[in-house]
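Colleague: Use the sequences and the hints to build the structure in full.
Listed below are the residues making up each chain.
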Amino acid sequence: MSEYALELEGLSKSFGGKPAVKNVTWSARRGDITGFLGPNGAGKTTTLRMALGVITPDSGTARLFGKAPDAAGMDNVGFLPEERGVYRKMRAEDVIVFFARLKGVPADEARRRARALLERFGLADAARKKIKELSKGMAQKVQIISAIVHEPDFIILDEPFSGLDPVNQQLLEDIIREQAEAGRTLLFSTHVMEHAERLCNRIVLMARGEKVFDGSVEQALARVPRQVVLAAPPGEPMAATVAPFGDLEALEESEAETVWRLTLKSGADAQAVLRALVEAGVKLTRFEPRRPHLHDAFVALVGDERAGDVTDRQPALSEV
Amino acid sequence: MRASYLIARREYLSYVATWGFWLSILAVPIFAAIGGALPGLIQDSQPTRYFTVIDETGQGLDQVVRDSLEAQRRDEVRGRLEAMVAAMRGDAAAQEALAVFDQDPDGLRYLDEAAAQAGLGEAAAALGGERRERVMVDPPARDIEALRPYLTGARTVDTPEGERALFAAVILRPAPEAPVQIEYHSTNITSDGVSDAVRSVLRTHFREAAFMERGLTPEELESVMALNPVVVEIDARPGAQAGAEVTRADRAPFFVAIAIAFVLWLAVFSVANMLLTSLVEEKGGKIIELLLSTARFHEILIGKLAGVAAVSFTLFAIWGAVGGGLALLGGAVMAGMNPEIAALLGSLFDPGLLLAALFFFAAGYLMYGAIFLAMGSLCDTLQDAQTLMGPVIWTLLLPMFFLFFSIEATDSVLLRAASWFPLWTPFLMMARLPSDPPLWELVGASALMIFTTVLVVWGAAAVFRQGALRQADADSVRRFFRLKKNSA
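As they're listed, the protein sequences go chains A and B. Mapping the first sequence onto the working numbering, position 71 (from 1) lands on 71, and the numbers just tick up by one. Mapping the second sequence onto the working numbering, position 205 (from 1) lands on 1205, and the numbers just tick up by one.
Just so you know, the hints here were simulated from the structure itself, not pulled from any lab data. Any given hint could turn out to be false.
The calculated label-pair distances, taken between Cβ atoms and stated as ranges, are [unchecked claim]:
1. Phe1021(B) <-> Arg128(A): 14 to 24 angstroms
2. Met1400(B) <-> Val167(A): 54 to 64 angstroms
3. Ala1306(B) <-> Arg112(A): 23 to 33 angstroms
4. Phe1451(B) <-> Glu173(A): 49 to 59 angstroms
5. Thr25(A) <-> Ser1024(B): 54 to 64 angstroms
Where a beta carbon is used, it is the ideal one built from N, C-alpha and C, also for glycine.
Modeller: As C-alpha cells, this is what we get:
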C-alpha cells in the first residue's frame, strides 16, 4: 500500500495555449491534514481535477493510492468541489443516499449512514425536507455529508467553510479532526488562513500555476520575518538603538508616545533588541514580539499583490 | 454502469414521480379530443346567421331560396334521425321512425313524434330540429341604404330568438349575361357561407328550369339531377388480391404512419427539451461539479439519456396500452355490428410499423437528445440555451411541413430527398414506410442516420465534457461561428 493518498509529479496543463498549472509536484501523505492554499486563479482546481482524473494533464502523472486514478480509487475519495450545488427538488436524505450509492454504498446502509450524519450535523429534522426549503448553510452541510457519507480514505474539500456560520465552521473543524483521527487523509483548500493554521499539519501553496511552498505549518511560519511592536515617548533614541536589528516603521504618533513596528533581520532576536533598548535607557511603554500567522506566510510567499483575496483576519494593532 | 444506472434512475424518478407528469399524460388525450372536436365546437358555437333576400328580378327567386333552404334543412335532420336511430335501435327502427317523420313531406312537424317513437329521449335534442346555422328573414327594408343600419347592428330584425342584427342582405338583380346577379352585403367580409348557399340554390334552380324548358318531366329531371359517377378504387399494389377494392383498413397504415411520425416528433421534441432543462438546472445549480466527482463524463451522459428515454417509453407504454386496449375493445364490439370498422381498428396496430417507430425513435432521440445535452452543458441559464436552440428548433420544425403534405404525395421527389437528411430521416422515413419505399433507400437512409447518430453522440460528448468543466460556454459557440464567418 502506498504511503501517500495522492502523488503528483510534474503536472502541467494549458488551456488555449495559456498555462494553468506548471510542473507541479507534491504529495499528500496518508493520515495528514494538508492545506492546499493559493489565491484565486492559482491553478488549485485544475490541479485537483487532474489529480482525480477528471481532466488529463498535458504532462506529468497523478497517482491516487499509488495508482493512476481509476473508478475503484475514486470510490475511495470524497470530493467537495468549490462550485457545488445539489438537486433543489430532492429531499436532503435522498440527496445523500444518491451520492452514497454512486460511490458503491448499498441502499440500506446509505440510508442508515445518511440519517446518522444528518443527526450529527444537526439536520435530523430536515431529513425529509427538500433542499429548496433549507437555508444555504443547511444545504451546504448536506453537500459536505454527501462528500463523506461513503467513508472514504481520502477526503478533498474545496473551500468547505465558505457559506457556513461560525458555529457550523467550528462543527466542520471538529468533523475534519474526527476524520483525521479515524486515520483518513484530508486535503482542503481555503481562503481563511485561521482554519488552515489550526487544522493542517502540512501546507501546499500555489501561485500563478506553480507550487511556491510545500512543508509543515511551522516551516511556513519560519519564512515570515519576526516583528516586534515597540512604543516609547517622543524623543527617545528608538531608531538609533534598534537600527542594527532590522527595519523600523512608525505606526502611530501621539503626544504621549510613538508606536513602531520593527521587522527583524534574519538571525536577529527579540531578546537582544530588548537588551539593547534597556541598555540605551529607552523608556519603553510597550514591547510586544508578534507571533507570526499563516496569513503573513501566505503574503510573504505569494506576494502582496496576489494575496488580496485571502480573507484572514489581519490582527488589529491593538491585538499584536 | 452503476453510476449510469443511478443517474438514469434519478433522472427518471425526477419526472415520473411528479404530479405534473401524470397530469401531462392525461392532458394529451384530453387535448387531442378537444383538438378533434374543435371544428365541430366552433361550428356549433357560431350564432345563427339571419339574412334576407330581396328579389328585384320579379322571378320569385327569394321564395326559391327560402324553400330550398327549408328542404335542405329537412334532409339534414332526416339524415341525422336515420343515423341516430340506426345506431341506437337498429335499421328496422330507423325505417319506422322515417315513416313517421315523412308524414310531413315538406317540414319537420313529425320530428318529435318520430323521435319519441324511436325512444331517443333526450338524445333527440342532438338532431338539431331547433338550432339552425342560417335563417332567412323577411327584408325589413327594400334598398341597401335603408338596410345598412340593420347590417351594422344599429337596428334589429325580429327573429325566432328575439331581436337580432342582420348578418347579410342579398339583393338579386337582373344581369345582361347571367340569369341573375347576386349582390351580397355584410359587415363580415370573411364568412361566405350565406353567399355560397344562395348561389348554390339559384344555380340548381336555373339548371332545373332550363331542363324543364327543354321538355323534361319532373321525374326525368330528378333522375338527371341524381346522376353521379360511382367510384370503385382497386388496390393494384403488389401482393393485393386481383380486383380487391381499397378499404379504409387498407388506407389506415398510411394515416397511422403519419400519426406515429407526428408522435415521434412530439416525443423527441419534448424529451430533448427535458434533457436540456435538466442539464441547465444542474449546470446553473453547480450540481454537475458534484456529479463529476462521483462519475465519469460518459456515465453521466449515458445515465441522462437512458433516464429520459425511460420517461418517453413510459409515456409510449401508457398511451399504447390505453390506445391498444380501446382499439381492441372497439374492434370486438364492432365486429358484430360493423365488420369494416372492426377491420379498420384491427389494422391500426401493425407490429412492423411499431417496430420501425421504435427504431426511428431511438435514433431521433439519441441525435436530438445528445445535441440538446451538449447545448445544456454550455449554458448556465435557459436564456443562454434559447439563443443556441434557434437553429436546432428550425431543423426540427422543417420535417413537420413535409409531414403535412406527405399523405397526398408519398412519392414526391422532394419528400424522398428530404427523408435522406439524417436529422429528418426518423420522421419522414417513418411516414413513407406504408408506401413501400425501395429497399435501397430504406437501408441507405437508415445507415446514414445511424452513422450520423454515432457522430452526433461522439461530438456531443466532447462538447459536454468541455461545457461541464466550464472550459466552454454559449459564448464559445458564438465565437466559433464568428471566426468561421471571418475566415470565410
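Colleague: Run every hint past the structure and note whether it holds.
Modeller: Each hint, compared with the structure:
For Phe1021(B) and Arg128(A), the Cβ-Cβ distance of about 21 angstroms falls inside the hinted range of 14 to 24 angstroms, so the restraint holds. Separated by about 59 angstroms at the C-beta atoms, Met1400(B) and Val167(A) satisfy the suggested range of 54 to 64 angstroms. A beta carbon spacing of about 28 angstroms between Ala1306(B) and Arg112(A) agrees with the range 23 to 33 angstroms that was offered as a hint. In this structure the hint that Phe1451(B) and Glu173(A) lie 49 to 59 angstroms apart at CB holds, the actual value being about 56 angstroms.
One distance hint, 54 to 64 angstroms for the beta-carbon pair Thr25(A) and Ser1024(B), holds here, with the actual separation near 56 angstroms.
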